[in-house]
Amino acid sequence: MSDYRIKGSTGDWEVVVGLEVHAQVVSNAKLFSGAATAFGAEPNSQVSLVDAAMPGMLPVPNRECIRQAVRTGMALDAVINRWSRFDRKNYFYADLPQGYQISQLYHPLVGPGEVEILLDEKDENSTKQIGIERIHVEQDAGKLMHDQHPTMSYVDLNRSGVALMEIVSRPDMSSPAEAGAYLRKLRAILRYVGSCDGNMEEGSMRADVNVSVRKIGGELGTRTETKNVNSVRFVMAVIEHEARRQVDLIEEGGVVAQETRLYDPDKNVTRTLRSKEDAHDYRYFPDPDLLPLELDEAFLEECRASLPELPDAKRKRFEGLGISAYNASVLTAEVETARWFDGLLSSGAEPKQASNWTVAELFGALNRTGKSIDECPISPDEAAELLKLVADGTISGTIAKQVFEIMLETGDAPSKIVEERGLKQTSDTGAIDAEIDKILAANADKVAEYQSGKQQLFGFFVGQTMKAMAGKANPGVVNERLRAKLG
Amino acid sequence: MSELTLKTITELREGFRAGDFSAREIAEAFNAAVAAARSLNAFTVETPDLALAAADVADRDRTTDALKPLSGIPLGIKDLFATEGVDSTSGSNILKGFKPTYDSTVSGNLKKAGAGMLGKLNMDEFAMGSSNETSAYGPVISPWKRNDGGNAALTPGGSSGGSAAAVAAGLAPGVTGTDTGGSIRQPAAFTGISGIKPTYGRCSRWGIVAFASSLDQAGPMARTVRDCAIMLEAMASFDPKDATSLNLPVPQWEAGLSSDLRGKKVGIPKEYRIDGVPAEINAIWDQGIEWLKDAGAEVVEISLPHTKYALPTYYIIAPAEASSNLARYDGVRYGLRELGTRSLDDMYAATRAAGFGAEVKRRIMIGTYVLSAGFYDAYFTKAQKVRTLIKRDFTEAFKQCDLILTPTAPSAAFGLQEKMSDPLAMYLNDVFAVPASLAGLPAMSVPGGLDGQGLPLGIHLIGRELDEQGVLNAGLAIEERAGFNHRPARWW
Numbered sequence: 063m064s065d066y067r068i069k070g071s072t073g074d075w076e077v078v079v080g081l082e083v084h085a086q087v088v089s090n091a092k093l094f095s096g097a098a099t100a101f102g103a104e105p106n107s108q109v110s111l112v113d114a115a116m117p118g119m120l121p122v123p124n125r126e127c128i129r130q131a132v133r134t135g136m137a138l139d140a141v142i143n144r145w146s147r148f149d150r151k152n153y154f155y156a157d158l159p160q161g162y163q164i165s166q167l168y169h170p171l172v173g174p175g176e177v178e179i180l181l182d183e184k185d186e187n188s189t190k191q192i193g194i195e196r197i198h199v200e201q202d203a204g205k206l207m208h209d210q211h212p213t214m215s216y217v218d219l220n221r222s223g224v225a226l227m228e229i230v231s232r233p234d235m236s237s238p239a240e241a242g243a244y245l246r247k248l249r250a251i252l253r254y255v256g257s258c259d260g261n262m263e264e265g266s267m268r269a270d271v272n273v274s275v276r277k278i279g280g281e282l283g284t285r286t287e288t289k290n291v292n293s294v295r296f297v298m299a300v301i302e303h304e305a306r307r308q309v310d311l312i313e314e315g316g317v318v319a320q321e322t323r324l325y326d327p328d329k330n331v332t333r334t335l336r337s338k339e340d341a342h343d344y345r346y347f348p349d350p351d352l353l354p355l356e357l358d359e360a361f362l363e364e365c366r367a368s369l370p371e372l373p374d375a376k377r378k379r380f381e382g383l384g385i386s387a388y389n390a391s392v393l394t395a396e397v398e399t400a401r402w403f404d405g406l407l408s409s410g411a412e413p414k415q416a417s418n419w420t421v422a423e424l425f426g427a428l429n430r431t432g433k434s435i436d437e438c439p440i441s442p443d444e445a446a447e448l449l450k451l452v453a454d455g456t457i458s459g460t461i462a463k464q465v466f467e468i469m470l471e472t473g474d475a476p477s478k479i480v481e482e483r484g485l486k487q488t489s490d491t492g493a494i495d496a497e498i499d500k501i502l503a504a505n506a507d508k509v510a511e512y513q514s515g516k517q518q519l520f521g522f523f524v525g526q527t528m529k530a531m532a533g534k535a536n537p538g539v540v541n542e543r544l545r546a547k548l549g
Numbered sequence: 005m006s007e008l009t010l011k012t013i014t015e016l017r018e019g020f021r022a023g024d025f026s027a028r029e030i031a032e033a034f035n036a037a038v039a040a041a042r043s044l045n046a047f048t049v050e051t052p053d054l055a056l057a058a059a060d061v062a063d064r065d066r067t068t069d070a071l072k073p074l075s076g077i078p079l080g081i082k083d084l085f086a087t088e089g090v091d092s093t094s095g096s097n098i099l100k101g102f103k104p105t106y107d108s109t110v111s112g113n114l115k116k117a118g119a120g121m122l123g124k125l126n127m128d129e130f131a132m133g134s135s136n137e138t139s140a141y142g143p144v145i146s147p148w149k150r151n152d153g154g155n156a157a158l159t160p161g162g163s164s165g166g167s168a169a170a171v172a173a174g175l176a177p178g179v180t181g182t183d184t185g186g187s188i189r190q191p192a193a194f195t196g197i198s199g200i201k202p203t204y205g206r207c208s209r210w211g212i213v214a215f216a217s218s219l220d221q222a223g224p225m226a227r228t229v230r231d232c233a234i235m236l237e238a239m240a241s242f243d244p245k246d247a248t249s250l251n252l253p254v255p256q257w258e259a260g261l262s263s264d265l266r267g268k269k270v271g272i273p274k275e276y277r278i279d280g281v282p283a284e285i286n287a288i289w290d291q292g293i294e295w296l297k298d299a300g301a302e303v304v305e306i307s308l309p310h311t312k313y314a315l316p317t318y319y320i321i322a323p324a325e326a327s328s329n330l331a332r333y334d335g336v337r338y339g340l341r342e343l344g345t346r347s348l349d350d351m352y353a354a355t356r357a358a359g360f361g362a363e364v365k366r367r368i369m370i371g372t373y374v375l376s377a378g379f380y381d382a383y384f385t386k387a388q389k390v391r392t393l394i395k396r397d398f399t400e401a402f403k404q405c406d407l408i409l410t411p412t413a414p415s416a417a418f419g420l421q422e423k424m425s426d427p428l429a430m431y432l433n434d435v436f437a438v439p440a441s442l443a444g445l446p447a448m449s450v451p452g453g454l455d456g457q458g459l460p461l462g463i464h465l466i467g468r469e470l471d472e473q474g475v476l477n478a479g480l481a482i483e484e485r486a487g488f489n490h491r492p493a494r495w496w
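Protein chains in written order, with the numbering used here: chain A, 63 to 549; chain B, 5 to 496.
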């Protein structure tokens with residue numbers, strides 16, 4: 063259980079959260095028409111006769127959109143309904159050309175499933191299951207533009223008819239952090255599967271946030287629904303704010319109204335959009351233009367076979383290779399990172415060393431330069447080469463950091479850098495002995511102290527020797543020669 | 005009027021191919037007939053140039069042996085078929101001036117088959133009506149008159165009233181219609197012509213302005229059964245753009261025509277003997293039975309026990325679908341726009357108030373009501389269940405027979421204004437037609453004879469799913485025996 067509590071004047075409260083996530087399906091064409099779906103195109107340049115609801119136009123389901131939703135359901139361990147059906151949700155709005163949205167109320171494509179989240183990413187035992195109630199597919203609406211004309215609004219129908227998956231969770235989350243973890247995990251799975259690009263800024267993923275509060279373990283309270291929240295951070299802020307607002311309201315003797323609210327990120331508040339009394343009667347009924355969707359075994363088999371290794375499985379595989387739970391969790395959180403790291407492993411890098419280097423060195427450098435893993439100037443092959451140079455003693459860890467910086471700057475291969483700049487580690491005992499002899503002679507006092515028992519001075523001699531060797535001496539050889547000479 | 009306009013599609017095709025007359029002569033003859041018959045109000049748009057252009061192509065093709073099935077044949081197209089560049093308004097003010105950039109699959113198929121277009125045909129607004137009186141263009145006047153010496157204007161039936169009147173008056177040798185609950189068959193019966201509604205899914209609905217999607221089906225109307233077969237072959241197709249289109253090859257119905265009904269069983273549903281139906285209707289029905297027996301068929305009594313629920317079921321399902329299908333006429337993208345006073349909602353209200361007629365509004369309200377929270381299960385869900393039972397009735401009946409014979413309509417054509425004030429009386433017109441629509445079955449009306457007032461009466465045949473051939477063959481058997489060659493005396 064979460065220990066997230068809202069402190070009230072009458073005691074502690076807990077929050078109950080459910081999320082409805084609208085995820086835009088990755089597909090070249092819309093759910094029921096052949097029009098394109100690219101983001102950022104000229105207004106009304108991706109609109110077919112069907113999307114504009116011209117007279118006599120009919121929807122025909124796009125197989126790829128259905129396939130993506132089924133694959134998503136499978137990735138969430140969900141029941142795939144062999145028989146599902148499209149319903150019309152009727153309401154008038156200028157961004158909805160048909161006057162109804164084709165959705166699935168009564169018989170959704172995907173039934174119950176679940177998502178496992180980690181409450182503490184350093185602890186693989188801190189898991190919690192968040193239930194998925196259903197996933198249905200539906201059409202997106204167009205977009206109104208209010209800033210084009212002083213008294214009129216314009217309509218852009220590019221988005222009209224684009225396929226969305228609505229992924230409805232159970233009210234299983236009990237803190238902003240859990241909701242954040244759920245959203246991030248869901249996003250990661252969708253991106254692994256390739257069914258949604260998860261880009262919340264461009265609106266390809268947005269959440270309706272259902273929030274209620276109750277006394278610890280008490281009866282469920284009345285929930286509010288905050289619509290169209292478009293970042294993980296905002297979802298968490300909505301929950302925090304909405305829980306606080308509801309507790310204050312109840313403790314002041316008020317009643318939480320079942321209503322739809324909007325989040326204003328600038329002011330960090332939610333406000334009423336419409337109350338239950340103003341709720342639409344959507345008059346759902348089965349769309350008579352469409353036959354029920356019946357999935358055969360071959361189709362399901364193809365969907366199943368096309369699924370990639372998912373985040374949890376990948377994390378467990380990484381841990382099995384000796385990678386720490388934390389590193390495994392970080393390396394699998396984003397599909398691009400995981401793919402990059404898998405590339406590193408398949409280039410022959412030793413897993414544990416490779417994971418430490420990736421999380422510390424590579425991510426550090428990317429953070430510093432503000433780059434994503436996709437923009438990483440170093441390929442997994444080059445990184446594997448660098449790690450191999452360290453592992454086989456060609457260069458020291460210290461030199462490796464230098465080589466890495468040069469790689470980032472020049473894009474050169476590590477062996478070339480090491481070769482050209484003479485950075486190879488030396489195990490030449492003659493050269494090392496010569497430097498050690500000079501250092502011992504120049505520090506006769508410290509040698510005497512060491513020999514009279516001040517053992518911690520050993521590190522001092524190692525440091526001086528390495529410095530004199532410009533970092534290129536093999537530390538093992540230096541240690542061994544120093545011990546021999548110091549007695 | 006030219007001799008040519010008296011000919012059937014079959015005769016025109018033969019004469020044109022034989023070189024007896026040119027396609028241009030045919031088109032000119034019908035163009036002239038159309039122009040001379042404006043008092044019937046059968047056409048909403050006349051397109052003589054399109055008819056001539058297609059005719060010229062046909063005449064050219066004839067010299068190169070590149071003829072298509074309907075080369076040289078000009079047709080009328082019901083106004084709810086989208087026709088590229090030509091007003092397609094579904095008989096409604098809300099679509100006045102709407103010129104699609106596309107052809108419906110059916111009208112496109114006819115074009116590809118070489119047919120020309122004489123114009124767009126008047127109809128009840130959005131196909132909602134049984135008398136063509138709900139059209140924004142005003143009613144179509146039937147070319148038929150009662151033989152009582154009076155001059156009462158009669159309805160050609162509806163919703164394909166312009167289609168029926170055009171064929172009956174010799175303004176077109178064949179036309180397209182659509183049938184949601186009798187809109188091909190009842191007007192065919194009222195005007196002494198033939199018309200067939202094929203199995204749901206035979207003709208693509210793509211590009212046809214939707215009334216009730218689960219019921220709408222296009223079909224031909226023409227003078228003879230053979231003409232209907234010729235046209236239907238050209239109209240039907242599997243269309244990937246319509247998810248309810250049947251993915252089956254189109255049969256060669258014309259080649260399969262045979263009026264020999266030996267070995268066929270014809271079912272007579274006892275529930276169709278309805279109180280209050282005029283004796284002449286039952287008489288023509290009985291006559292039809294005798295003709296089919298004469299053609300070799302065996303007649304059996306069958307039962308369709310849920311028949312009495314068909315009309316109420318239809319008047320829940322069809323308006324429910326219509327209320328949603330017509331939501332797109334909102335003034336935002338095409339057609340009529342009335343700005344209203346302030347808001348978007350005002351614009352919707354003003355546009356739809358001005359754009360829709362009374363019957364359309366009535367059905368939108370009925371449809372909205374039966375889909376509303378709290379009423380949905382009691383009306384819509386129950387109606388869907390009854391629809392299933394009605395389908396089952398037919399499945400059971402077709403275990404005992406191959407075809408079902410009934411009257412097409414419970415009366416002959418009535419006078420304009422006679423039923424407009426009583427919607428329920430109007431709805432009753434489709435009592436025999438609606439069950440086959442709900443079951444998606446092929447059904448046809450062929451002329452049986454005239455009643456005592458000199459008005460045509462239709463005989464109705466219902467077939468098994470996909471058995472258009474059986475329906476056409478029985479229609480042919482009746483046609484041969486009825487020898488119906490009456491034409492309305494020209495007064496227009």
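There could be a bad hint or two in this list.
Said to hold, decoys possible - In silico BS3-like links for lysine-lysine, alpha-carbon gap of 30 Å or less:
1. A:Lys205 with B:Lys386
2. B:Lys389 with A:Lys205
3. B:Lys268 with A:Lys151
4. A:Lys151 with B:Lys103
5. A:Lys338 with B:Lys274
6. A:Lys184 with A:Lys338
7. B:Lys389 with A:Lys151
8. A:Lys338 with A:Lys376
9. B:Lys386 with A:Lys151
10. A:Lys338 with B:Lys245
Unchecked claim - Quick partial rundown of chain B residues pointing at chain A, CB under 8 Å, derived from the structure:
11. Ala40
12. Ile212
13. Thr248
14. Leu250
15. Arg337
16. Ala377
Said to hold, decoys possible - Each pair of labels, with its calculated beta carbon distance range:
17. A:Arg246 with B:Asp350: 41 to 47 Å
18. A:Thr72 with B:Asp350: 14 to 20 Å
19. A:Arg246 with B:Ala358: 26 to 32 Å
20. A:Glu104 with B:Ala22: 52 to 58 Å
21. B:Leu428 with A:Tyr153: 53 to 59 Å
22. B:Ala357 with A:Asn290: 28 to 34 Å
23. B:Leu428 with A:Val141: 32 to 38 Å
Calculated directly from the structure, the hints in this document are not laboratory data.
Note that CB positions come from ideal geometry on N, CA and C, so glycine has one too.
To see whether the hints hold, each was checked on the structure:
1. Restraint check for A:Lys205 and B:Lys386: the C-alpha separation of about 37 Å exceeds 30 Å, so the hint is violated.
2. Of the pairs offered as hints, the one joining B:Lys389 and A:Lys205 is violated, with about 39 Å between alpha carbons and a cut-off of 30 Å exceeded.
3. About 47 Å separates the Cα atoms of B:Lys268 and A:Lys151, which puts this hinted pair outside 30 Å; it is violated.
4. Restraint check: the Cα-Cα separation between A:Lys151 and B:Lys103 comes to about 29 Å, which is no more than 30 Å; the hinted pair holds.
5. At most 30 Å may separate the alpha-carbon atoms for a hinted pair to count; A:Lys338 and B:Lys274 exceed this at roughly 52 Å.
6. Of the supplied pair hints, the one linking A:Lys184 and A:Lys338 is violated, its CA atoms being roughly 43 Å apart against a limit of 30 Å.
7. Between B:Lys389 and A:Lys151, the direct Cα distance comes to roughly 21 Å. Compliance with the 30 Å bound is thereby established for this hinted pair.
8. In summary, the hint linking A:Lys338 to A:Lys376 is not supported, as the alpha carbons are separated by about 44 Å, beyond the 30 Å threshold.
9. About 20 Å separates the Cα atoms of B:Lys386 and A:Lys151, which keeps this hinted pair within 30 Å; it holds.
10. Restraint check: the Cα-Cα separation between A:Lys338 and B:Lys245 comes to about 39 Å, which exceeds 30 Å; the hinted pair is violated.
11. Restraint check, B:Ala40 versus chain A: the minimum CB separation of about 31 Å is more than 8 Å; hint violated.
12. Given the 8 Å rule on beta carbons, the hint for B:Ile212 holds: about 5 Å separates it from the nearest Cβ of chain A.
13. Hint status for B:Thr248: holds, given a least beta-carbon distance of 6 Å to chain A, under 8 Å.
14. With its C-beta approaching chain A no nearer than about 11 Å, B:Leu250 sits outside the 8 Å limit, and its interface hint is violated.
15. Restraint check, B:Arg337 versus chain A: the minimum CB separation of about 6 Å is within 8 Å; hint holds.
16. For B:Ala377, the shortest C-beta to C-beta distance to chain A is roughly 5 Å, which falls under 8 Å, so the interface hint holds.
17. Between A:Arg246 and B:Asp350 the C-beta distance comes to about 44 Å, which sits within the given range of 41 to 47 Å.
18. Between A:Thr72 and B:Asp350 the CB atoms are about 47 Å apart, so this pair departs from the stated range of 14 to 20 Å.
19. The beta-carbon spacing between A:Arg246 and B:Ala358, approximately 52 Å, falls outside the hinted interval of 26 to 32 Å.
20. Restraint check, A:Glu104 to B:Ala22: a C-beta distance of roughly 56 Å satisfies the suggested window 52 to 58 Å.
21. The given range of 53 to 59 Å is broken by B:Leu428 and A:Tyr153, whose C-beta atoms sit roughly 31 Å from each other.
22. The hinted range of 28 to 34 Å is satisfied by B:Ala357 and A:Asn290, whose Cβ atoms lie roughly 32 Å apart.
23. Under the hint 32 to 38 Å, the C-beta atoms of B:Leu428 and A:Val141, about 47 Å apart, miss the expected range.
Consistency note: the structure conflicts with the earlier hints numbered 1, 2, 3, 5, 6, 8, 10, 11, 14, 18, 19, 21, 23.
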